[in-house]
Amino acid sequence: MSVYGLEMALYDITTKSPVRKQFIAAPEAAVAGYALEADEQAMLQELDVGRLLDAGVSPMLTLGLWMCLRGPQTLLDYLEAVAGHDQGRP
Amino acid sequence: MAEIVGGFLVSHDPLLFLNPRKEDPTRALAGYEAIRARVVELGATAAVVIGADHYILFGPNCLPQMAIGIGDVQGPVDPLPGVPRGPITSHPALARHILDVGHEEGFDWTAAKTMGVDHSIGVPVRRCLPEDGSVATVPVYLAAGVEPLIRTRRAYELGRSIRRAVASFPGEERVVVIGSGGLSHWVGLPQMGRINREFDKMILDAVERGDAESLVAMPDAYVLEHGGNGALEIRQLLCAMGATQGGGQVIAYEAWPGGVTGLGFAELRSAA
Chain A
1 MSVYGLEMAL YDITTKSPVR KQFIAAPEAA VAGYALEADE QAMLQELDVG
51 RLLDAGVSPM LTLGLWMCLR GPQTLLDYLE AVAGHDQGRP
Chain B
1 MAEIVGGFLV SHDPLLFLNP RKEDPTRALA GYEAIRARVV ELGATAAVVI
51 GADHYILFGP NCLPQMAIGI GDVQGPVDPL PGVPRGPITS HPALARHILD
101 VGHEEGFDWT AAKTMGVDHS IGVPVRRCLP EDGSVATVPV YLAAGVEPLI
151 RTRRAYELGR SIRRAVASFP GEERVVVIGS GGLSHWVGLP QMGRINREFD
201 KMILDAVERG DAESLVAMPD AYVLEHGGNG ALEIRQLLCA MGATQGGGQV
251 IAYEAWPGGV TGLGFAELRS AA
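Protein sequences appear in the order of chains A and B. First residue of the first sequence? That's 1 in this note's numbering, and the numbers climb one at a time after it. First residue of the second sequence? That's 1 in this note's numbering, and the numbers climb one at a time after it.
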């Protein structure tokens with residue numbers, strides 16, 4: 001389990017266009033380059049922002065990831081996805 | 001010699017511009033216009049704009065406590081409707097002087113020889129400064145959004161260092177300092193959208209009194225509970241208060257229903 005590894009992957013997806021494009025086109029291949037366990041890779045591929053928060057990932061990144069992939073007009077959907085979750089401590 | 005002629009506190013809620021709930025932002029946006037008018041009235045030639053990274057500029061591989069752009073500046077890198085993007089007029093000489101003075105005094109600035117700012121600096125630059133680039137920007141980032149956070153007292157003392165640096169800058173610059181952020185908001189957390197008016201009033205009251213000490217002494221745990229993780233940005237306010245050393249006056253406050261942040265706008269007086 002590596003919260004910081006997860007954060008690195010989220011940061012790259014949200015800020016680097018080539019990584020984001022690869023993640024959208026071939027998510028398994030995109031996340032394979034990071035030191036992540038299978039369940040962590042699944043959280044990313046499933047855009048499970050609630051579990052990512054629970055794992056301790058910064059809410060700046062979970063929100064940023066969602067906005068990048070789903071669009072800035074989907075904030076209410078994001079809030080629904082994280083309802084009942086809270087940020088853990090890495 | 002150069003001098004700090006005033007300061008401002010602004011919020012930078014991106015939802016003011018994205019507006020997914022389709023609320024009227026006119027009143028909320030008026031705060032930026034009021035500050036722009038005051039910047040012009042003060043005859044400002046440069047602005048030190050203090051923001052917080054939102055895991056946009058700096059990644060897990062390097063998280064500076066305090067960073068300053070000493071070369072070309074552009075942005076904001078995160079696109080927002082109604083917020084122009086592109087080159088920002090910068091002030092490399094003043095920025096480098098602030099960095100050098102800070103290093104001499106024990107503030108280990110991280111230098112960015114080129115900097116693409118995010119909305120926390122991009123919004124105040126584009127909305128509070130004249131559009132013609134006549135007020136040059138010195139961008140400053142504090143670690144207030146991503147842990148490990150800069151200590152509140154350190155943020156305040158850094159502002160005092162900026163003040164000393166401006167005072168010793170060999171030029172005639174008239175400098176304003178803008179602290180961007182700070183009132184209640186929960187970023188990316190389930191409480192996102194909650195605004196705590198009482199907390200916001202407490203912060204703005206302290207700003208008006210020039211009471212930095214009460215903000216410095218406020219534990220992060222208290223801020224997180226009552227103001228949310230976004231309110232940890234009081235660090236930018238403290239830095240601006242350290243740079244101005246006077247009291248302040250609230251220009252406007254809005255708990256705008258279309259956004260997720262208590263929107264506060266205030267002017268800071270620079271001590272004589």
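Hints may be right or wrong, so weigh each one.
Claimed, not checked - With beta-carbon atoms standing in for the labels, derived distance ranges:
hint	chain 1	residue 1	chain 2	residue 2	range
1	B	Ala255	A	Glu46	32 to 40 Å
2	B	Ala30	A	Leu69	40 to 48 Å
3	A	Glu28	B	Val250	46 to 54 Å
4	B	Val250	A	Gly71	28 to 36 Å
5	A	Lys16	B	Glu23	29 to 37 Å
6	A	Asp39	B	Lys201	15 to 23 Å
7	A	Leu76	B	Thr114	30 to 38 Å
8	A	Asp39	B	Arg151	33 to 41 Å
9	A	Asp39	B	Ala255	35 to 43 Å
10	B	Leu29	A	Gly71	18 to 26 Å
11	A	Ala25	B	Ala271	51 to 59 Å
12	B	Cys62	A	Gly33	44 to 52 Å
13	B	Glu225	A	Gly56	13 to 21 Å
Derived by calculation from the structure, the hints in this document are not laboratory data. In this text, all values refer to a predicted model and were calculated from it rather than measured experimentally. Heads up, the beta-carbon is just placed ideally off N, CA and C, and yes, glycines get one too.
Verification of the supplied hints:
Evaluation of the 32 to 40 Å hint for Ala255 of chain B and Glu46 of chain A yields a pass: the beta carbon distance comes to about 35 Å. Between Ala30 of chain B and Leu69 of chain A the Cβ separation comes to about 34 Å, which falls outside the hinted range of 40 to 48 Å. Look at Glu28 of chain A against Val250 of chain B: about 52 Å separates their beta carbons, and that is inside 46 to 54 Å. Judged by the Cβ atoms, the range 28 to 36 Å given for Val250 of chain B and Gly71 of chain A holds: they are separated by roughly 35 Å.
Remark: the range hint 29 to 37 Å for Lys16 of chain A to Glu23 of chain B is upheld by a beta-carbon distance near 33 Å. In this structure, Asp39 of chain A and Lys201 of chain B break the distance hint of 15 to 23 Å, their C-beta atoms being roughly 44 Å apart. The supplied range of 30 to 38 Å is met by Leu76 of chain A and Thr114 of chain B, whose beta-carbon atoms lie about 37 Å from each other. Between Asp39 of chain A and Arg151 of chain B, the C-beta spacing of about 35 Å keeps the proposed range 33 to 41 Å intact.
Our hint of 35 to 43 Å for Asp39 of chain A and Ala255 of chain B holds, since their Cβ atoms are close to 39 Å apart. At about 23 Å, the CB distance of Leu29 of chain B to Gly71 of chain A agrees with the hint of 18 to 26 Å. Separated by about 57 Å at the C-beta atoms, Ala25 of chain A and Ala271 of chain B satisfy the suggested range of 51 to 59 Å. Range check, Cys62 of chain B to Gly33 of chain A: Cβ separation about 19 Å, and the 44 to 52 Å hint is violated.
Taking 13 to 21 Å as the suggested C-beta distance range, the pair Glu225 of chain B and Gly56 of chain A conforms, at roughly 19 Å.
Violated hints, in rising order: 2, 6 and 12; the structure is consistent with all others.
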